[in-house]
Amino acid sequence: MNRLLLILPMILVLVCSSAQARDFSDTSADAKNEISAGSPFSQSKLIPDISLTLDFSCLYRNVSDKKYDTLKSPEFTLASTDEAAHGHDIEEMNANRGFNLNYAEITFYSVVDPYFDLFAVCHIGTDHAELEEGYFTTRGLPLGLQLKAGKFLSSFGRINEQHAHNWDFSDNSLVYKFFFGEEGLNEIGVRLTCVVPLDFYLMFGAEILQGENEMSFGNKGFRSINGAVDRSGSQGPDLYTGYMKTSFDIGDLIVFTGISGAAGKTQNNHGLDYVAGTTTGNAVSADSYIVAGDITLRYSIDSIRYVSLQTEYLYRRQDGTLYNRDVLNNVTISDLRKKQSGLYAQFVAKLSKRWRLGCRYDLLQKNEVKHNGMNAREPENLPRYAGMLEYNPTEFSRIRLQYNHDLSKYEYETGTPGRKLNQEVIFQYNLAIGAHGAHAF
Amino acid sequence: MRKLCITLFILLFASSAYAGKMKVVSTYPYIASIVDHIGGDRVRVNALARGDFDPHTVIPKPSFISKLRKADVLIINGAQLEIGWLPPLLKQSNNPAVNPGSSGFLDLSTHVKLIDVPKSISREQGDIHPDGNPHYYLNPHNIPLLAKAISEKLSECDSRNSSYYKSNCRNFITMWNQKTSQWDSKLAALKGKQVIEYHKNYDYLLRYYSISLAGTIEPLPGIPPTSKHIESLEKMISSRNISFILMDVYNPDEAGRHLSKKYGITFVKLPHDIGAVPEANDIVSLFDEIVRRLTK
Chain A
1 MNRLLLILPM ILVLVCSSAQ ARDFSDTSAD AKNEISAGSP FSQSKLIPDI SLTLDFSCLY
61 RNVSDKKYDT LKSPEFTLAS TDEAAHGHDI EEMNANRGFN LNYAEITFYS VVDPYFDLFA
121 VCHIGTDHAE LEEGYFTTRG LPLGLQLKAG KFLSSFGRIN EQHAHNWDFS DNSLVYKFFF
181 GEEGLNEIGV RLTCVVPLDF YLMFGAEILQ GENEMSFGNK GFRSINGAVD RSGSQGPDLY
241 TGYMKTSFDI GDLIVFTGIS GAAGKTQNNH GLDYVAGTTT GNAVSADSYI VAGDITLRYS
301 IDSIRYVSLQ TEYLYRRQDG TLYNRDVLNN VTISDLRKKQ SGLYAQFVAK LSKRWRLGCR
361 YDLLQKNEVK HNGMNAREPE NLPRYAGMLE YNPTEFSRIR LQYNHDLSKY EYETGTPGRK
421 LNQEVIFQYN LAIGAHGAHA F
Chain B
1 MRKLCITLFI LLFASSAYAG KMKVVSTYPY IASIVDHIGG DRVRVNALAR GDFDPHTVIP
61 KPSFISKLRK ADVLIINGAQ LEIGWLPPLL KQSNNPAVNP GSSGFLDLST HVKLIDVPKS
121 ISREQGDIHP DGNPHYYLNP HNIPLLAKAI SEKLSECDSR NSSYYKSNCR NFITMWNQKT
181 SQWDSKLAAL KGKQVIEYHK NYDYLLRYYS ISLAGTIEPL PGIPPTSKHI ESLEKMISSR
241 NISFILMDVY NPDEAGRHLS KKYGITFVKL PHDIGAVPEA NDIVSLFDEI VRRLTK
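Protein sequence lines, in the order shown, are assigned to chains A and B.
Heads up, the first sequence is in the numbering used here, so the first residue is 1 and it goes up one at a time.
Heads up, the second sequence is in the numbering used here, so the first residue is 1 and it goes up one at a time.
I should point out that these hints are in silico values taken from the structure, not numbers from a laboratory.
These numbers were taken from a predicted model, which means no experiment stands behind them.
Where hints are given, some of them may not hold.
Straight-line Cα separation of at most 27 Å, DSSO-like style, residue types lysine-lysine; simulated pairs [unchecked claim]:
| id | chain 1 | residue 1 | chain 2 | residue 2 |
| --- | --- | --- | --- | --- |
| 1 | B | Lys296 | A | Lys353 |
| 2 | B | Lys296 | B | Lys261 |
| 3 | B | Lys296 | A | Lys350 |
| 4 | A | Lys370 | B | Lys200 |
| 5 | B | Lys200 | A | Lys350 |
| 6 | B | Lys191 | A | Lys45 |
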């Protein structure tokens with residue numbers, strides 16, 4: 001199946017590469033003549049906008065790959081058995097020292113008919129492929145309403161909706177990575193948004209989602225080996241999000257701000273049933289709530305240069321039950337209450353047509369975890385600092401150098417967990433061909 | 001809470017005060033100025049992009065979405081000049097009245113003959129426009145074509161005021177033709193002269209008045225000048241008689257100024273849209289200023 005997914009878009013791209021990407025306005029007589037010169041049944045003008053983005057990086061890290069895999073941000077990173085238990089769809093970006101082919105992304109977009117637009121993104125790693133997004137949006141609902149349905153990146157928060165090639169840094173912020181995983185809150189469901197007809201931008205939106213996100217939600221259910229614990233998982237959607245976003249201009253300054261909330265059921269198995277190679281495991285059943293606030297300020301110095309400041313704060317609360325499996329496969333049940341928060345703040349300056357630089361401060365702030373009312377005293381205030389310098393030969397190619405100074409990780413191999421400084425230098429190439437869709441703000 | 005309600009009420013009221021007028025949104029200020037002449041007090045027109053910034057790379061401000069959301073008519077330059085910023089805004093504003101193909105949408109580029117339509121397209125050639133050069137409005141002889149298209153679109157969307165728009169359009173074209181004959185006689189003096197441009201912004205004007213383009217400071221469209229390219233320009237300059245270096249107001253002008261100084265060529269900063277320079281404050285003064293700067 002995966003191989004098919006990989007080959008199919010490739011063939012399509014090859015077939016389509018000779019045809020020009022369609023814009024939305026061309027009706028020139030020359031273009032018409034061109035078609036009629038070929039097959040009378042040619043549909044080449046109806047080919048959707050197709051693009052291919054490739055992300056490649058070269059990385060240096062001060063710890064070995066093996067050691068890096070064992071480093072954790074306590075209670076933010078999932079148990080180490082988790083990957084074995086679930087298998088992650090999306091590989092971590094910049095995972096290995098040396099060369100990384102992070103992804104190729106094939107995007108298809110077109111108008112379906114007067115009523116719908118269709119959009120799909122195939123995310124292709126070196127050994128797997130998956131449909132990262134595939135959704136339709138409506139074109140003509142009244143009252144400024146728009147319905148989106150399918151698999152898509154939630155519009156929760158500011159950065160969640162953006163694809164990796166659109167980020168200002170080579171990796172996602174820590175808080176997003178730990179609350180939603182490498183590819184963000186990406187779910188199957190529906191979204192309804194409304195742009196209010198005012199003199200400034202005001203948008204309300206709500207989503208009903210399946211709730212499969214394994215970092216904060218999850219609905220697969222779990223069962224202990226002896227059958228004493230049996231959670232069937234949820235039937236149907238059980239994740240709800242809502243947000244309000246607004247924007248206005250003060251002279252040359254753009255202010256864009258929003259608040260978001262998500263509420264859902266968490267049923268997550270980290271090896272409660274037996275997983276090969278593990279001795280213990282756990283599972284969580286909880287009600288989870290995440291709220292977020294974001295603000296972006298962007299000031300245009302002139303037509304080319306700008307400075308921008310973007311920050312987001314996320315807070316997560318989980319109330320539920322923790323099931324722990326010990327070496328003898330006995331399950332102990334305890335009351336679990338988590339209150340966690342994190343933020344990032346980034347500054348980016350475009351200095352000339354080709355050069356940009358930026359810095360980012362990441363913080364996993366609050367980390368209060370209580371088992372049966374007892375505070376586990378997990379480490380709090382875990383920071384990471386990043387700096388980047390970017391050279392963009394054109395808008396279709398980007399070369400970025402980034403340095404990460406990561407103080408958010410702990411090593412557990414030695415008796416007492418200790419903080420381990422993790423330094424990374426990332427040299428990233430991001431190139432795009434085909435129809436180049438403009439980016440939203 | 002009460003304050004918020006009052007504010008919202010005032011805002012709603014303020015926007016309903018314009019309810020009687022047709023709401024037109026244009027992508028660039030020059031279009032808004034033509035709409036102003038034709039629509040008079042029966043339309044309210046808003047331009048999205050700034051006239052002093054690069055028309056190719058407009059920041060897709062969320063505030064544009066709210067303008068598009070309420071628009072009855074959207075008028076664009078077309079020829080892919082807006083490709084880098086308008087499509088996501090249109091999608092987000094979700095206003096079926098102004099989507100391409102609907103009656104409230106007008107692409108002005110379909111009403112003029114575009115030049116430099118590339119035979120083959122590859123981004124090897126830089127950021128080229130597959131439909132041809134989109135800066136067609138900088139030839140004053142194209143403006144009446146645009147005015148007619150705008151008048152027809154306004155009449156179609158607001159048929160009650162059709163005769164009003166048509167008579168405004170006739171008056172505008174009469175006035176415009178008088179101005180154009182003045183500009184023609186002034187620019188006739190430049191016939192046969194050779195110029196260098198930064199980007200191919202003014203080709204429609206140059207071609208109409210038989211001014212020949214000897215080269216561009218950009219090696220390829222959208223690519224900033226390199227020292228190697230400047231070297232080859234210098235070689236070309238020394239063998240020819242270049243009269244002007246034409247520069248827009250938004251790109252870095254160091255390379256142009258350097259060539260101007262080194263070879264004693266007149267350096268002319270030309271407005272490309274309304275607001276690019278203080279003197280260009282409507283469609284007429286935009287051309288007055290272009291002609292004045294070229295014939296100074």
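These are the hints, each one checked on the structure:
Between B/Lys296 and A/Lys353 the CA atoms are separated by roughly 31 Å; this puts the pair beyond 27 Å, and the hint is violated. Restraint check for B/Lys296 and B/Lys261: the C-alpha separation of about 18 Å stays at or below 27 Å, so the hint holds. For the hint pairing B/Lys296 with A/Lys350, the CA-to-CA distance comes to about 36 Å; that exceeds 27 Å, so the pair is violated. For the given pair, A/Lys370 sits about 66 Å from B/Lys200 by alpha-carbon distance, which is inconsistent with the 27 Å threshold.
Annotation: proposed proximity of B/Lys200 to A/Lys350 holds, straight-line Cα distance about 24 Å (limit 27 Å). Annotation: proposed proximity of B/Lys191 to A/Lys45 is violated, straight-line Cα distance about 41 Å (limit 27 Å).
Taken one by one, the earlier hints fail for this structure at numbers 1, 3, 4, 6, listed in ascending order.
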